[in-house]
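Visitor: Listed below, chain by chain, are the residues.
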Amino acid sequence: MPETEVNPTHSKSTGLPRKRFYRARAHSNPLSDSHFPVPISPSHVDYSLHYPQFFPSAGQANNSKKIQFADIGCGFGGLLISLSTLFPETLMIGMELRDKVTEYVKERILALRVANPGQYQNVSVVRTNSMKYIPNYFEKAQLTKMFFLFPDPHFKEKNHRRRVISPHLLDEYAYALEVGGIIYTITDVEELGEWMKSCLENHPMFEALSEKELEADPVVKLLSSATEEGQKVARNGGQTFPAIFRRIVPSDQTP
Amino acid sequence: MEEREEATKDVEVAPALIAVHPHQRSVAVAIGPDLRVFDLHASAAVSLVDDSGGPFHSDSIRAARFGAKGKLFVSAGDDKIVKIWSTEFWRCFCTVSSEKRVCAVAISIDGSYVCFADKFGVVWIVDLTGYDGNQPLGDKKATAILSHYCSIITRLEFSPDGRFIVSADRDFKIRVTVFSKRPLNGAHEIQSFCLGHTEFVSCLAFVHGQDCPQDFLLSGSGDSTVRLWDISSGALLDTCEVSIKAGLLESSGEAQENDHAITDLCTVLDSLLVAVAVQSLQGIVLVSCNHSARTLSVAKVVPFAGEAFVPIGLGYCPSEGILWMITGASSLPRSSCPSLARVRVISGFDVEQEPAVVEDDKVPGGEKLLETLQGTVSVNGNVFLEAAEAVKTAMCNLLIKKQYPAENRDFRKRTRNDRKFKP
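Note that the protein sequences, when read in sequence, are chains R and H.
For the record, in the first sequence the residue sitting at position 16 is 16 according to full-length UniProt numbering, with numbers rising by one throughout.
For the record, in the second sequence the residue sitting at position 312 is 312 according to full-length UniProt numbering, with numbers rising by one throughout.
Think of the hints as simulated: they come from the structure by calculation, not from any bench.
Think of the CB as a built atom: it goes at the ideal place given N, C-alpha and C, for glycine as much as any other residue.
Treat the hints loosely; a few may be bogus.
What the hints assert, rightly or not - Incomplete in silico selection of chain R near chain H, CB under 10 angstroms:
1) P30
2) N159
3) R161
4) D171
5) M205
Just chain R, same shape as in the assembly (with noise of 0.2 angstroms):
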């Protein structure tokens, strides 16, 4: 029987990955020594194998297109399937920590692009520690926009340091962003909401952005209503806690 027929934890009728065979623990540990691998350099990550059809040879380098959107903690991949197709010429790129639920996002890319002939093409999905290893995947002001999304809350004070978004890592997140880049943090916890808010208004390289950005936004009712978390959230009445900044040059260096 050959393998590609049937894979028995895809679905048969629409043969994208069962989730039920993807189960993880909803939190890993951020502080643990990595086992994957990990680029060397930004100039190391193979676009290649990410995007085959945008660059259909190893080591090309005449496509200078690169990676600009990011989901950190992308989880089961909601938003960047949105995305994908909102922005079809974007490169974009999942990052999780959890093996299990890469591999699942990772099937249901490669299922997306056999079932959609031409689309999808532009998203893909990497395991790795974001906290650690952004440097390693992203230039200087490479990104257009980061997304951090329902992230693991850490409620021990002493676990705030795990938190995705504090003040030390956001210096790390101003470097990958351009100058305009928008940052998107959503949580349905409101203390984490009132963390990372803070957190961004207190960093002298982001700025909020006002109402009528939001307004004309279209990504920012994707955070909520395109995301695995954020489904659940609606679906048991819940209330969100959005922050959306925008990356700028910091005052003192303004002349």
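Mind docking chain H on chain R? Use the hints.
Guide: Frame of chain R, contents of chain H only:
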């Protein structure tokens, strides 16, 4: 495997450190909790005075260095205290406590700030602005300015123009951060990351060119290379595979991969040469740095004849043209002598001469200096090889990630649903 487990249970061996005053007024050696200073002008051991009211070091000192002008000296380590000394009369005027163990220190070029890094990757700053070092400063609090996410920071360095603070870590990374005019508000703006090393970064040094104003950064690593960087862009300019080029690796196989980690480096002769200390090497590798061509190449190896001496720390005095070297360790297991230190010097870096190791009686300060810094004049070579070996093991345990065999990892993942049906 078992042997390794055992080694980690031992008390942590701390390498001996050496720091040389920029105008060679004094030389300091830190070994375990001991700080030994010899004043070369007075030709006498210095007795340290503590005005700060804080305790003296009670655990291994992990970082000790002079400021660029030589007025300040900082020591810090496993006891989580940072002591700031005025070198004029060797008074400690400020003791700062840290939440975690301290593993690196740096003093800003103008001497206004002291920075230190802890084992959890956070860099802290102590403000000394406007302070002249004559009276005790009392309680000072440190402020966190930047962080490497939970990675051990191995070195901190200020760029010679004072614009950047450079931090290196065990995760192969060097971060270059803009050191703002108001550093107490944090160092948020990252200028670049210097990425290319494939093991922990163990040491940093700046090279300044004579003709061009640009300073380049040098780094040494557990991957046995010394690399040259342009810090404004983070670009890797050149890589020098020191252990291969110096002929240290010709016969050894894969098993000894980590045998030739770079332990320290410093620039000599107006940055034309770089002295490099390599693990297990009884000698010093001299790498020449061509600033205009932006290249590095091994110039020669200065071997140490007659005595088993593996340098693990270096210090250079530009005004005298002398390279100071140290080997030794504290808290040595299975040894009659718990802490050992041995100091040697190389002189003759001028172009006409061959650099050579100086005999003990010709060392500046003579035997008196050696007695102060080493604790004894007589030396037995073999114990130092043992000490160097212990330092090497300690360094590996601390900075190299543990590798678990593939079978072990697969065994733990055997119940994974998504893998069940796949070949």
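Visitor: So which of the earlier hints does this model not fit?
Guide: 2
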